[in-house]
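Heads up: the protein sequence lines correspond to chains A and B, in order. Using my numbering, you'd call the opening residue of the first sequence number 14 and step up by one each time. Using my numbering, you'd call the opening residue of the second sequence number 16 and step up by one each time.
Hints were generated in silico from the structure; no laboratory data involved. Ideal placement from N, C-alpha and C gives every residue a C-beta, glycine not left out. Hints should not be assumed to be uniformly reliable.
[Claimed, not checked] Simulated DEER-style distance windows between Cβ atoms:
| no. | chain 1 | residue 1 | chain 2 | residue 2 | range |
| --- | --- | --- | --- | --- | --- |
| 1 | B | GLY267 | A | ARG144 | 30 to 36 Å |
| 2 | B | VAL362 | A | GLY161 | 31 to 37 Å |
| 3 | A | ASP179 | B | ASN86 | 24 to 30 Å |
| 4 | B | ASP277 | A | ARG144 | 50 to 56 Å |
[Unchecked claim] A few chain B positions that, by computed beta-carbon distances, are all more than 12 Å from chain A:
| no. | residue |
| --- | --- |
| 5 | THR98 |
| 6 | ALA158 |
| 7 | LYS198 |
| 8 | GLU233 |
| 9 | MET234 |
| 10 | GLY424 |
| 11 | ILE439 |
[Unchecked claim] Taking lysine to any residue pairs in the SDA-like style, the calculated list, with each CA pair at most 25 Å apart, reads:
| no. | chain 1 | residue 1 | chain 2 | residue 2 |
| --- | --- | --- | --- | --- |
| 12 | B | LYS27 | A | GLU157 |
| 13 | B | LYS106 | B | THR59 |
| 14 | A | LYS51 | B | ALA54 |
| 15 | B | LYS295 | B | LYS165 |
| 16 | B | LYS165 | A | LYS64 |
| 17 | B | LYS165 | A | ILE178 |
| 18 | A | LYS51 | B | ASP330 |
| 19 | A | LYS174 | B | TYR206 |
| 20 | B | LYS62 | A | ASP45 |
| 21 | A | LYS174 | B | VAL42 |
| 22 | B | LYS165 | A | PRO170 |
| 23 | B | LYS58 | A | ASP132 |
| 24 | B | LYS399 | A | ASP45 |
| 25 | B | LYS67 | A | ALA180 |
| 26 | B | LYS399 | A | ARG173 |
| 27 | B | LYS102 | A | TYR25 |
| 28 | B | LYS165 | A | GLY26 |
| 29 | B | LYS183 | B | GLU275 |
| 30 | B | LYS399 | A | GLU157 |
| 31 | B | LYS58 | A | ALA180 |
| 32 | B | LYS58 | A | TYR25 |
| 33 | B | LYS399 | A | GLU164 |
| 34 | B | LYS329 | B | TRP436 |
| 35 | B | LYS257 | B | VAL42 |
| 36 | B | LYS165 | A | LYS51 |
| 37 | A | LYS24 | B | GLU41 |
| 38 | B | LYS67 | A | LYS51 |
| 39 | B | LYS58 | A | ILE178 |
| 40 | A | LYS174 | B | ASP292 |
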Amino acid sequence: MEKVIKGRVWKYGDDVNTDVIFPGKYTYTVNDPEEMGKHAMEDLDPEFTDKVEPGDVIIAGKNFGCGSSREQAAVCLKVKGVGAIIAPSFSRIYFRNGVNNGLPLITSSEVQNVFEHGDTIEIDFEAGEIRGDKGTFSFPPFNEFVFGIMEAGGLIPYTRKRMGIDA
Amino acid sequence: MPKTFSEKILAKYAGVEEVEPGSIVEVIPDVAMSHDNTAAISKTFEKIGVDKLYDPDIHLIVLDHCVPPANATFAENHRQIRTFVKKHGIKNFYDINHGICHQVMAENGHCLPGTIMTGSDSHSTTYGAFGAFGTGVTRSETAVIMATGKIWFRVPETMRIHLTGTFKDGVYVKDLALHIIGKISADGALYRAVEYDGPAAHRFSISERMTLTNLAVEMGAKVGYVPPDEIVYNYLEGRAVKEYEPVFSDEGCHYDEVLEIDLGTIEPVVAAPHTVDNVKPVGELEGEPMEQVFVGTCNNARLDDLAVLAHVLKDKTISSETRLVVIPASSKVMIDAMRLGYVDSIVSAGGTLGTPGCGPCMGNHMGVPGNNEKTLSTANRNFKGRMGNRESEVYLASPHTAAATALSGRITDPRNHPVDWDAIREELQEATLSPVLVKA
Ligand code: SF4
């Protein structure tokens with residue numbers, strides 16, 4: 014996991030649900046992660062998947078990722094290189110999916126009304142800081158157990174390590 | 016210190032004296048359910064690199080999301096799951112002929128008080144209807160349970176919803192659940208356990224409790240829980256797959272929020288597009304044309320739901336301006352509905368009956384709407400694109416409102432078509448196969 018990321022901001026509203034992040038109709042027909050990335054945000058922002066770049070950050074409103082438990086909704090953003098998602102709150106299953114796939118989810122209600130679509134910001138995970146032209150904002154550190162999973166790159170590499178399959 | 020249900024059960028399973036909200040625990044669940052997503056889960060399991068399941072008996076698989084398969088892709092998905100089931104000796108496997116996972120698990124006695132049940136499905140909060148700690152987990156997590164048996168949880172805070180009074184005619188648990196979501200919004204119970212109690216909760220049938228806890232996740236809850244009672248114990252008599260020991264919140268435990276609701280104050284409501292918390296009194300939407308009415312899903316397609324529908328439709332014909340798709344929650348429900356003449360009333364009125372399963376709930380098949388078409392559905396979700404077409408709209412309501420709407424082709428107040436609950440209650444008692452009980 015990169016300690017510092019830098020990218021442009023993609024801004025969305027409250028209650029962005031998993032049906033718009035990754036449409037339900039593809040859940041049993043699209044299995045390849047790269048292919049999943051092509052449908053990321055399809056029903057919310059058709060431009061997203063073509064224009065997003067590695068390190069870009071999503072800043073959204075409350076309850077991001079509500080709805081279905083589908084993991085593709087985290088995977089499709091991870092494969093597009095999304096560096097982090099910042100929101101005042103996440104749906105609980107989405108939060109788990111983020112952690113388990115090594116997609117950092119930052120809970121903060123401070124930056125939502127500060128940064129705009131297209132702004133460039135930097136996130137320092139070690140310092141717990143979000144930095145940009147419009148100021149520096151701190152966020153609470155991740156729980157140790159949760160951070161361990163993210164640091165390992167997600168739940169599967171974490172489990173392999175734990176079971177002694179990977180050193 | 017007095018503890019909540021969640022704190023007690025998580026401490027018990029984690030083997031520690033006590034836990035606080037916010038702490039992280041690891042537990043081994045009694046049941047880990049997965050459905051058509053098992054093929055994907057099995058691939059993740061294989062990536063972990065162990066060749067045997069930690070305990071095949073924890074796992075329970077139901078094929079329901081597209082049954083029978085709509086095309087070769089779905090069929091191949093099912094085939095891979097059957098191969099995996101055989102290879103690993105998974106006994107709790109329900110093939111395409113059973114129904115929707117949550118319903119099938121209940122009918123077959125897997126949902127037990129005082130147990131921890133996970134599902135790779137967000138509506139796994141349903142199991143709280145039986146006093147279980149039921150919650151949705153991710154595909155990777157189910158793969159990790161396959162490998163290690165374990166799952167991590169953050170101990171949730173608890174919100175209590177205290178229910179008193181009785182419903183007025185034409186008002187149901189669906190209206191209550193939508194009313195609560197409308198009031199506290201889609202994240203009103205985020206990360207929390209929701210405990211529904213009070214005299215009214217203990218009068219609810221199994222079916223009604225399942226409707227209630229199923230919808231808990233639509234307000235963000237981790238768990239929806241009704242303290243188990245005689246209604247649950249009677250249902251489990253001769254059905255429970257193993258012994259169980261109920262867990263209850265201690266008297267005087269800490270709830271971080273308490274809602275008091277008198278059922279008599281609730282009116283029939285509809286959740287309008289495109290969020291479940293966009294709840295309005297039915298009167299505000301009355302007259303809105305609906306090209307399709309869908310009575311199905313794990314939320315509202317049990318015997319009592321089909322009973323209301325059949326009673327409203329008996330000897331009548333649905334509007335030629337709409338279609339009515341009816342998909343029973345399980346084969347058991349379908350058999351009982353046939354025996355009681357409900358299928359006859361529904362199909363004679365112009366309804367289309369589908370194979371028990373999820374149907375068009377998430378847009379896989381059997382009733383996907385066309386462009387600009389509106390569907391009034393008894394499901395639990397109305398997000399844009401949910402039923403497989405982003406150019407369509409989904410409205411959520413009770414089966415009674417759905418029945419009234421099918422007759423006119425427009426959203427209609429259920430109270431325009433009253434039903435005789437005493438007659439329905441008697442009929443349902445006759446249904447011996449699934450003793451799904453009745454409206455209080
Ligand atoms: S009926 Fe709908 S909500 Fe229920 S399990 Fe199936 S797809 Fe999910």
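Outcome of the hint check:
1. The supplied range of 30 to 36 Å is broken by B/GLY267 and A/ARG144, whose beta-carbon atoms lie about 47 Å from each other.
2. Range check, B/VAL362 to A/GLY161: about 56 Å between beta-carbon atoms, so the 31 to 37 Å window is missed.
3. For the pair A/ASP179 and B/ASN86, the supplied restraint of 24 to 30 Å is violated, since their beta-carbon distance comes to about 38 Å.
4. The hinted window of 50 to 56 Å between B/ASP277 and A/ARG144 holds, with their beta carbons roughly 51 Å apart.
5. Separation of B/THR98 from chain A is adequate, the least Cβ-Cβ distance of about 16 Å exceeding the 12 Å criterion.
6. Its beta-carbon lying about 7 Å from the closest one in chain A, B/ALA158 breaks the requirement of being farther than 12 Å from that chain.
7. Listed as a non-interface residue, B/LYS198 keeps its Cβ farther than 12 Å from every Cβ of chain A; the least gap is roughly 16 Å.
8. In this structure B/GLU233 is not separated from chain A by more than 12 Å, as the shortest Cβ-Cβ distance comes to only about 8 Å.
9. A Cβ of chain A approaches the Cβ of B/MET234 within 12 Å, the least distance being about 9 Å, so the stated non-interface status is violated.
10. The claim that B/GLY424 is not at the interface with chain A holds, since no C-beta of that chain comes within 12 Å of its own (minimum 27 Å).
11. Against the 12 Å criterion, B/ILE439 stays outside the reach of chain A, whose nearest CB is about 33 Å from its own CB.
12. This hinted pair checks out: B/LYS27 and A/GLU157 have alpha carbons roughly 23 Å apart, not beyond 25 Å.
13. Proximity of B/LYS106 to B/THR59 is assessed by CA-CA distance (about 21 Å); at most 25 Å being required, the pair is judged to hold.
14. In summary, the hint linking A/LYS51 to B/ALA54 is supported, as the alpha carbons are separated by about 22 Å, within the 25 Å threshold.
15. Restraint check for B/LYS295 and B/LYS165: not satisfied, since their Cα atoms lie roughly 42 Å apart, outside the 25 Å limit.
16. Between the alpha carbons of B/LYS165 and A/LYS64 the distance comes to roughly 39 Å, so the proposed pair goes past 25 Å and is violated.
17. Restraint check for B/LYS165 and A/ILE178: the C-alpha separation of about 17 Å stays at or below 25 Å, so the hint holds.
18. For the proposed pair A/LYS51 and B/ASP330, the alpha carbon gap of about 50 Å is over 25 Å, so the pair is violated.
19. A threshold of 25 Å between alpha carbons decides the hint, and for A/LYS174 with B/TYR206 the separation of about 28 Å lies outside it, so the pair is violated.
20. Note on B/LYS62 and A/ASP45: the hinted pairing holds, with a Cα-Cα distance of about 14 Å set against a maximum of 25 Å.
21. For the hint pairing A/LYS174 with B/VAL42, the CA-to-CA distance comes to about 19 Å; that is within 25 Å, so the pair holds.
22. Among the hinted pairs, B/LYS165 with A/PRO170 is consistent with the structure: their alpha-carbon atoms are about 15 Å apart, no more than 25 Å.
23. A hinted pair counts as satisfied when its Cα atoms are at most 25 Å apart, and B/LYS58 with A/ASP132 does not qualify at roughly 39 Å.
24. Of the supplied pair hints, the one linking B/LYS399 and A/ASP45 holds, its CA atoms being roughly 24 Å apart against a limit of 25 Å.
25. As the CA atoms of B/LYS67 and A/ALA180 are separated by approximately 21 Å, the hinted pair is consistent with the 25 Å bound.
26. A distance of roughly 38 Å separates the Cα atoms of B/LYS399 and A/ARG173; the hinted pair therefore is violated under the 25 Å criterion.
27. Taken as a hint, the B/LYS102 and A/TYR25 pair is broken in the structure, with Cα atoms around 45 Å apart against an allowance of 25 Å.
28. Between B/LYS165 and A/GLY26 the CA atoms are separated by roughly 35 Å; this puts the pair beyond 25 Å, and the hint is violated.
29. A hinted pair counts as satisfied when its Cα atoms are at most 25 Å apart, and B/LYS183 with B/GLU275 qualifies at roughly 17 Å.
30. Proposed proximity of B/LYS399 and A/GLU157 is contradicted: the alpha carbons are some 37 Å apart, above 25 Å.
31. With a CA separation close to 22 Å, the supplied pair B/LYS58 and A/ALA180 stays within the 25 Å bound.
32. For the hint linking B/LYS58 to A/TYR25, the alpha-carbon distance of about 33 Å lies beyond 25 Å, and the restraint is violated.
33. Taking the CA atoms of B/LYS399 and A/GLU164, the gap is about 34 Å. The hint is violated against a cut of 25 Å.
34. Simply put, B/LYS329 and B/TRP436 have alpha-carbon atoms about 15 Å apart, close enough for the 25 Å limit, and the pair holds.
35. Taking the CA atoms of B/LYS257 and B/VAL42, the gap is about 19 Å. The hint holds against a cut of 25 Å.
36. Taking the CA atoms of B/LYS165 and A/LYS51, the gap is about 33 Å. The hint is violated against a cut of 25 Å.
37. Restraint check: the Cα-Cα separation between A/LYS24 and B/GLU41 comes to about 35 Å, which exceeds 25 Å; the hinted pair is violated.
38. For the proposed pair B/LYS67 and A/LYS51, the alpha carbon gap of about 34 Å is over 25 Å, so the pair is violated.
39. As the CA atoms of B/LYS58 and A/ILE178 are separated by approximately 17 Å, the hinted pair is consistent with the 25 Å bound.
40. Pair hint A/LYS174 plus B/ASP292 does not hold up; C-alpha atoms about 42 Å apart against a cutoff of 25 Å.
Comparing the model with each numbered hint stated earlier shows that hints 1, 2, 3, 6, 8, 9, 15, 16, 18, 19, 23, 26, 27, 28, 30, 32, 33, 36, 37, 38, 40 do not hold.
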